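Asker: Let chain D serve as the given structure and place chain V on it in line with the hints.
Chain by chain, the residues run as shown.
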Amino acid sequence: GDSVTQMEGPVTLSEEAFLTINCTYTATGYPSLFWYVQYPGEGLQLLLKATKADDKGSNKGFEATYRKETTSFHLEKGSVQVSDSAVYFCALRSSGGFKTIFGAGTRPFVKA
Amino acid sequence: EAGVAQSPRYKIIEKRQSVAFWCNPISGHATLYWYQQILGQGPKLLIQFQNNGVVDDSQLPKDRFSAERLKGVDSTLKIQPAKLEDSAVYLCASSQDRGELFFGSGTQLSVL
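Top line first, the protein sequences correspond to chains D and V.
Each residue of the first sequence is one higher than the one before, starting from 1 at the first, in our numbering.
Each residue of the second sequence is one higher than the one before, starting from 113 at the first, in our numbering.
Hints listed in this document are in silico derivations from the structure and should not be mistaken for laboratory results.
From a predicted model like this one, the values you see are computed outputs, not experimental measurements.
Mixed in with the good hints there might be a few duds.
Unchecked claim - Calculated Cβ distances over 12 Å to all of chain D for the following chain V residues:
no.: 1; residue: 120
no.: 2; residue: 124
no.: 3; residue: 125
no.: 4; residue: 126
no.: 5; residue: 131
no.: 6; residue: 156
no.: 7; residue: 164
no.: 8; residue: 178
no.: 9; residue: 180
no.: 10; residue: 184
no.: 11; residue: 185
no.: 12; residue: 193
no.: 13; residue: 195
no.: 14; residue: 201
no.: 15; residue: 212
no.: 16; residue: 224
Claimed, not checked - Subject to a maximum C-alpha distance of 20 Å in a straight line, what follows is the list of computed PhoX-like cross-link-like pairs (lysine-lysine):
no.: 17; chain 1: D; residue 1: 49; chain 2: D; residue 2: 68
no.: 18; chain 1: V; residue 1: 156; chain 2: V; residue 2: 195
no.: 19; chain 1: D; residue 1: 99; chain 2: V; residue 2: 156
no.: 20; chain 1: D; residue 1: 99; chain 2: V; residue 2: 174
no.: 21; chain 1: D; residue 1: 99; chain 2: D; residue 2: 77
no.: 22; chain 1: V; residue 1: 190; chain 2: V; residue 2: 123
Virtual Cβ for every residue (Gly too), placed ideally from N, Cα, C.
Next comes chain D alone, as it looks inside the complex (with noise of 0.2 Å):
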């Protein structure tokens, strides 16, 4: 079946660094692409997604590629700051549309 699979954390660093969390998918067919994200004591929301290959989806600074040769999505930021310090969701929709499913979650450090 379709699966997700994030870098596991905790990923500690310092502020203005770059970052990248790692995602690869398994899927069958033409998935959409997500990353959300979940900030302390909050829901999880949509951070960015990209719904074909080669598609680059961003927003706050952050970026992802759609790579289906690799089948990847990894999530970039130039600079981190403190305020980036969360929990960040890999998800796809299956090209069925039926279901979404979450990889498990990588939480960054950013210290000032």
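Answerer: Frame of chain D; chain V shown alone:
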């Protein structure tokens, strides 16, 4: 626009007791989801409704969990009887066209 509303925010019960969670999705959203999020893991889909019909309940432990969505709007998730391993955050989400999911803040359940 009002978001997804869930209640209660927290619930503590003893094993073998019953508990119910309530969700009111965003107005006009036809699809409603219940996810279970165990600490340190990503959300796991329990059940998905399209209007008031069930689309997917393959991971719902039907011997103890039940859910309904009367009139295609509000939904209730029930656990009876609860087990220790049911301790988790129960997330409700809704979507308009099976695309982006909008999440509520969740109900944190502790089973003692």
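Asker: Does residue 224 of chain V really sit off the interface, with its C-beta more than 12 Å from all C-beta atoms of chain D?
Answerer: holds, 23 Å
Asker: In terms of Cβ atoms, is chain D entirely out of 12 Å range of residue 178 of chain V?
Answerer: With a cut-off of 12 Å, residue 178 of chain V remains clear of chain D, as the shortest Cβ separation is near 20 Å.
Asker: Is the Cα-Cα distance between residue 99 of chain D and residue 77 of chain D 20 Å or less?
Answerer: Measuring from Cα to Cα gives roughly 28 Å; hence the hint is violated.
Asker: Over 12 Å from every CB of chain D: does residue 164 of chain V meet that, or does the non-interface label fail?
Answerer: holds, 16 Å
Asker: Check the hint pairing residue 99 of chain D with residue 174 of chain V against an upper bound of 20 Å on the C-alpha distance.
Answerer: It holds: about 19 Å lies between the C-alpha atoms, which stays within 20 Å.
Asker: Far enough from chain D: is every CB of that chain over 12 Å from the CB of residue 156 of chain V?
Answerer: Violated, because the least Cβ-Cβ distance between residue 156 of chain V and chain D comes to about 8 Å, which does not exceed 12 Å.
Asker: Residue 190 of chain V and residue 123 of chain V: Cα distance at most 20 Å?
Answerer: holds, 13 Å
Asker: Over 12 Å from every CB of chain D: does residue 212 of chain V meet that, or does the non-interface label fail?
Answerer: violated, 5 Å
Asker: Examine each Cβ of chain D, and state whether all of them lie more than 12 Å from the Cβ of residue 124 of chain V.
Answerer: Its Cβ never comes within 12 Å of chain D, the nearest being 18 Å, so this holds.
Asker: Is the nearest Cβ of chain D still more than 12 Å from the Cβ of residue 195 of chain V?
Answerer: Residue 195 of chain V is indeed farther than 12 Å from all Cβ atoms of chain D, at 22 Å.
Asker: A cut-off of 12 Å on Cβ-Cβ distance, and residue 184 of chain V was said to be off the interface with chain D. Does that hold?
Answerer: holds, 17 Å
Asker: Does the claim that residue 126 of chain V lies off the interface hold, with its Cβ farther than 12 Å from every Cβ of chain D?
Answerer: The claim holds: residue 126 of chain V sits with its nearest Cβ about 26 Å from chain D, beyond 12 Å.
Checked against the numbered hints above, the structure breaks hints 6, 14, 15, 21 and satisfies the rest.
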